[in-house]
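Chemist: Residue numbers (numbering that gives the first Met the number 0), protein chains in the order written: chain A, 0 to 334; chain B, 0 to 248.
Since the hints were derived computationally from the structure, they do not count as laboratory data. What you are looking at is a predicted structure, and each value in this text was computed from that prediction instead of being measured. Mixed in with the good hints, there may be bad ones.
Claimed, not checked - The calculated DMTMM-like cross-link candidates involving lysine to aspartate or glutamate, where the alpha carbons are at most 25 Å apart (straight line), are:
#, chain 1, residue 1, chain 2, residue 2
1, A, 60, B, 197
2, A, 231, A, 125
3, A, 130, A, 104
4, A, 60, A, 185
5, A, 198, B, 132
6, A, 62, A, 225
7, A, 261, B, 80
8, A, 261, B, 19
9, A, 261, B, 132
10, A, 124, B, 27
11, B, 100, A, 170
12, A, 124, A, 61
13, A, 62, A, 170
14, A, 200, B, 19
15, A, 56, A, 225
16, B, 145, B, 42
17, A, 124, A, 185
18, A, 60, A, 212
19, A, 56, B, 197
20, A, 200, B, 132
21, B, 146, B, 19
22, A, 211, A, 185
23, B, 146, B, 237
24, A, 200, B, 80
25, A, 198, B, 80
26, A, 198, B, 19
27, A, 79, B, 197
28, A, 198, A, 212
29, A, 323, A, 240
Claimed, not checked - Just so you have them, the derived chain A footprint on chain B, three or more residues with Cβ under 8 Å:
#, stretch
30, 88 to 95
31, 151 to 164
32, 210 to 218
Ideal placement from N, C-alpha and C gives every residue a C-beta, glycine not left out.
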Amino acid sequence: MKLKSLFMAILLLFLTACGAKEEVRSDKKKETMQSITVANWSQPITEATNLLVDEEKGFFKEKGIDLTVIPGAGGGDAIKNILSGQADVAFTDPGSLYFALDQGEKLKVIYNIYPQNVFNVVSLKENKIEKPEDLKGKTIGVYSLTSGTRQNLLILLHKVGLTEKDVNIVETGISNFAPLMQGQVDATAATDTGLYLAKQKGLGDVNVIDIKDYLNAPSDVFVVTEKTYEEKKDELKKFIEAYRASAEWMMSNPEEAASLAKEFAIDGKEENVNLEVIKLRNDASVSAQTEQNGLGAIDASVLQQGADTYQRLGLVKNKLDLSKVITEEFLEEEE
Amino acid sequence: MKKMPIYSLLLLVLLLVIWEWVAGTLSELVLPAPSVIWMTLIDGLASGYFTPHIIRTASEVLLGLLFGCLSGFIIGILMGEVTFLRKLLFPYIVASQAVPKLALTPLFILWFGFGMTSKVVITALVCFFPLLESTVTAIQTSDTHKKELFKMLGATRFQTLIHLKIPAGMPGILAGLRVSVVLAVVGAVVGEFIGSSEGLGALIIATQAMMDTPLMFATLILLTVFGMILYLIVSWFEKKWLKRYQKEI
Numbered sequence: 000m001k002l003k004s005l006f007m008a009i010l011l012l013f014l015t016a017c018g019a020k021e022e023v024r025s026d027k028k029k030e031t032m033q034s035i036t037v038a039n040w041s042q043p044i045t046e047a048t049n050l051l052v053d054e055e056k057g058f059f060k061e062k063g064i065d066l067t068v069i070p071g072a073g074g075g076d077a078i079k080n081i082l083s084g085q086a087d088v089a090f091t092d093p094g095s096l097y098f099a100l101d102q103g104e105k106l107k108v109i110y111n112i113y114p115q116n117v118f119n120v121v122s123l124k125e126n127k128i129e130k131p132e133d134l135k136g137k138t139i140g141v142y143s144l145t146s147g148t149r150q151n152l153l154i155l156l157h158k159v160g161l162t163e164k165d166v167n168i169v170e171t172g173i174s175n176f177a178p179l180m181q182g183q184v185d186a187t188a189a190t191d192t193g194l195y196l197a198k199q200k201g202l203g204d205v206n207v208i209d210i211k212d213y214l215n216a217p218s219d220v221f222v223v224t225e226k227t228y229e230e231k232k233d234e235l236k237k238f239i240e241a242y243r244a245s246a247e248w249m250m251s252n253p254e255e256a257a258s259l260a261k262e263f264a265i266d267g268k269e270e271n272v273n274l275e276v277i278k279l280r281n282d283a284s285v286s287a288q289t290e291q292n293g294l295g296a297i298d299a300s301v302l303q304q305g306a307d308t309y310q311r312l313g314l315v316k317n318k319l320d321l322s323k324v325i326t327e328e329f330l331e332e333e334e
Numbered sequence: 000m001k002k003m004p005i006y007s008l009l010l011l012v013l014l015l016v017i018w019e020w021v022a023g024t025l026s027e028l029v030l031p032a033p034s035v036i037w038m039t040l041i042d043g044l045a046s047g048y049f050t051p052h053i054i055r056t057a058s059e060v061l062l063g064l065l066f067g068c069l070s071g072f073i074i075g076i077l078m079g080e081v082t083f084l085r086k087l088l089f090p091y092i093v094a095s096q097a098v099p100k101l102a103l104t105p106l107f108i109l110w111f112g113f114g115m116t117s118k119v120v121i122t123a124l125v126c127f128f129p130l131l132e133s134t135v136t137a138i139q140t141s142d143t144h145k146k147e148l149f150k151m152l153g154a155t156r157f158q159t160l161i162h163l164k165i166p167a168g169m170p171g172i173l174a175g176l177r178v179s180v181v182l183a184v185v186g187a188v189v190g191e192f193i194g195s196s197e198g199l200g201a202l203i204i205a206t207q208a209m210m211d212t213p214l215m216f217a218t219l220i221l222l223t224v225f226g227m228i229l230y231l232i233v234s235w236f237e238k239k240w241l242k243r244y245q246k247e248i
């Protein structure tokens with residue numbers, strides 16, 4: 000009898016605990032809601048606060064969408080998660096999109112999250128690297144050899160007639176400003192938020208080469224599989240409407256978002272840091288195109304230019320036709 | 000020899016002083032000072048910042064330990080008792096343990112999802128083998144004379160197992176458990192490195208992106224303390240058991 004009770008207790012504990020994250024929210028309303036799972040490229044971080052606070056703000060709930068966000072380790076992970084059916088929408092970078100398309104995957108780009116290229120190459124002033132040509136012969140750190148930092152660095156080098164062979168690229172991990180400060184690398188390929196955080200940690204005077212001055216390709220887009228695109232049109236339309244509303248909220252209320260990030264983002268420890276990160280992402284969410292056509296507007300020509308550069312660099316083998324991949328169907332405003 | 004704990008403590012103080020001094024000459028991003036790490040740790044604990052992460056990792060470790068050790072113990076007994084099973088299963092079990100779990104983590108997430116289940120499975124797999132190995136050895140190496148005595152007294156195979164082999168093998172089994180508890184923490188953290196939004200392992204990854212090295216050290220301290228507490232609990236239990244068992248003898 001005792002053994003039986005113990006077994007039942009263990010079983011109950013396991014079921015309760017394992018269900019903790021999947022959150023069995025039992026409200027009846029949920030049954031009528033449509034579920035959408037977003038595969039994020041990262042953990043739940045401050046810059047995506049608008050996606051994380053639905054419990055509090057209800058942007059998605061209001062549209063009848065039961066939103067789940069699953070973490071990932073890079074844009075490639077996000078794409079893998081939609082291809083394996085674990086998620087419906089991937090929050091990913093164009094590089095990962097090009098690689099998947101090159102492998103023959105059938106995908107659709109449905110929203111331009113950050114039309115601005117947020118990547119940069121940072122060096123200490125004393126290293127005298129003021130323009131991309133100065134990188135020749137230098138050692139440059141990247142997050143990882145499969146990350147957007149490396150791909151954007153290659154684009155920059157390509158734009159000034161240099162190749163990977165003209166520089167020494169080293170993988171430094173995501174704390175890549177430490178080797179720069181220690182003098183182990185001459186420059187580091189990073190992002191605007193990374194640069195802000197490094198400055199907070201005592202990075203001195205630096206020269207910054209913004210990749211967007213050479214190719215202003217989007218930093219992140221929402222991607223779905225063709226199958227999801229065909230089967231979940233209604234849900235995707237509502238999802239995009241809700242995401243737009245959440246992005247608009249984050250732009251008009253950065254302070255509130257920064258405060259909520261403390262609770263909902265794994266890296267949201269300090270509110271003042273959250274605020275600056277959120278402001279940077281708000282700036283990255285708008286462009287001339289979004290001013291005209293609303294948030295999420297996709298510039299097909301820039302994405303195509305990015306794909307062509309990837310092919311010239313040998314990063315992808317095939318000529319990719321982005322016009323077949325991009326759809327603005329869900330971006331049309333409701334009358 | 001009695002003064003060893005004092006020397007050990009003095010060594011720690013000396014190392015901390017050297018660390019504090021060296022850290023003063025470097026950026027906090029490269030090497031934070033122990034005082035800064037301590038403040039970060041206290042601040043995080045007081046504000047409750049660490050709480051959900053500690054609960055998550057502790058749950059994964061305890062559940063993984065429970066399932067891994069329970070299955071290791073039961074299969075260990077079966078393999079220790081039944082030679083046929085031991086010969087049949089052992090090569091496969093050894094092969095399964097030779098596979099690096101870290102490489103399998105992304106697959107476990109695909110199979111078991113992003114919730115706690117995948118991390119519990121990884122932890123259980125990591126804990127399973129040390130306990131299995133120690134249980135098999137403990138069951139097989141019980142005292143031959145005592146076994147003969149049990150036989151003469153007409154004890155059944157089950158009675159011999161329950162009253163002789165398991166109690167006598169307990170020191171060996173608990174030694175396996177001591178290894179398992181420390182490995183369980185490693186298993187859960189490795190599981191959290193990929194595909195996790197919560198837990199001390201996920202926090203370590205986040206601290207790298209946040210460039211918050213003091214927070215990373217503070218998280219590592221929490222994990223170390225957690226592993227040590229588990230180890231000490233098993234050691235305490237082991238001592239109690241041995242005391243009782245020796246008395247009975």
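Chemist: With reference to the structure, classify each hint as holding or not holding.
Modeler: Hints versus structure:
About 23 Å separates the Cα atoms of residue 60 of chain A and residue 197 of chain B, which keeps this hinted pair within 25 Å; it holds. Restraint check: the Cα-Cα separation between residue 231 of chain A and residue 125 of chain A comes to about 54 Å, which exceeds 25 Å; the hinted pair is violated. Straight-line distance between C-alpha atoms of residue 130 of chain A and residue 104 of chain A comes to about 37 Å, which puts the hinted pair past the 25 Å bound. Between the alpha carbons of residue 60 of chain A and residue 185 of chain A the distance comes to roughly 48 Å, so the proposed pair goes past 25 Å and is violated.
Straight-line distance between C-alpha atoms of residue 198 of chain A and residue 132 of chain B comes to about 52 Å, which puts the hinted pair past the 25 Å bound. Note on residue 62 of chain A and residue 225 of chain A: the hinted pairing holds, with a Cα-Cα distance of about 23 Å set against a maximum of 25 Å. Between residue 261 of chain A and residue 80 of chain B the alpha-carbon distance is near 55 Å, which puts this suggested pair outside the 25 Å criterion. A C-alpha spacing of about 30 Å is found between residue 261 of chain A and residue 19 of chain B, which places the hinted pair above 25 Å, so the restraint is violated.
For a cut-off of 25 Å, the pair hint linking residue 261 of chain A to residue 132 of chain B is broken: about 45 Å separates their Cα positions. This hinted pair checks out: residue 124 of chain A and residue 27 of chain B have alpha carbons roughly 20 Å apart, not beyond 25 Å. For the suggested pair residue 100 of chain B and residue 170 of chain A, the alpha carbons sit about 24 Å apart, so the restraint of at most 25 Å is met. This hinted pair does not check out: residue 124 of chain A and residue 61 of chain A have alpha carbons roughly 50 Å apart, beyond 25 Å.
Of the supplied pair hints, the one linking residue 62 of chain A and residue 170 of chain A is violated, its CA atoms being roughly 43 Å apart against a limit of 25 Å. With a C-alpha separation of about 18 Å, the suggested pair residue 200 of chain A and residue 19 of chain B falls inside the 25 Å cut-off, and the hint holds. Between the alpha carbons of residue 56 of chain A and residue 225 of chain A the distance comes to roughly 30 Å, so the proposed pair goes past 25 Å and is violated. For the given pair, residue 145 of chain B sits about 57 Å from residue 42 of chain B by alpha-carbon distance, which is inconsistent with the 25 Å threshold.
With a CA separation close to 10 Å, the supplied pair residue 124 of chain A and residue 185 of chain A stays within the 25 Å bound. With a CA separation close to 39 Å, the supplied pair residue 60 of chain A and residue 212 of chain A exceeds the 25 Å bound. As the CA atoms of residue 56 of chain A and residue 197 of chain B are separated by approximately 21 Å, the hinted pair is consistent with the 25 Å bound. With a CA separation close to 48 Å, the supplied pair residue 200 of chain A and residue 132 of chain B exceeds the 25 Å bound.
Among the hinted pairs, residue 146 of chain B with residue 19 of chain B is inconsistent with the structure: their alpha-carbon atoms are about 59 Å apart, more than 25 Å. Between residue 211 of chain A and residue 185 of chain A the CA atoms are separated by roughly 21 Å; this keeps the pair inside 25 Å, and the hint holds. With a CA separation close to 23 Å, the supplied pair residue 146 of chain B and residue 237 of chain B stays within the 25 Å bound. With a CA separation close to 60 Å, the supplied pair residue 200 of chain A and residue 80 of chain B exceeds the 25 Å bound.
Annotation: proposed proximity of residue 198 of chain A to residue 80 of chain B is violated, straight-line Cα distance about 64 Å (limit 25 Å). A C-alpha spacing of about 23 Å is found between residue 198 of chain A and residue 19 of chain B, which places the hinted pair at or below 25 Å, so the restraint holds. With a CA separation close to 21 Å, the supplied pair residue 79 of chain A and residue 197 of chain B stays within the 25 Å bound. This hinted pair checks out: residue 198 of chain A and residue 212 of chain A have alpha carbons roughly 22 Å apart, not beyond 25 Å.
Only pairs whose Cα atoms come within 25 Å are accepted, and residue 323 of chain A paired with residue 240 of chain A is accepted, the gap being roughly 23 Å. Using a Cβ-Cβ cut-off of 8 Å, 0 residues of the stretch 88 to 95 of chain B lie near chain A, which falls short of the minimum of three, so the contact claim is violated. Against chain A, the stretch 151 to 164 of chain B contributes 0 residues with a C-beta closer than 8 Å to a partner C-beta. That does not satisfy the three-residue criterion, and the hint is violated. Check on the stretch 210 to 218 of chain B: 4 of its residues sit with their Cβ under 8 Å from a Cβ of chain A, so the three-residue criterion for coverage holds.
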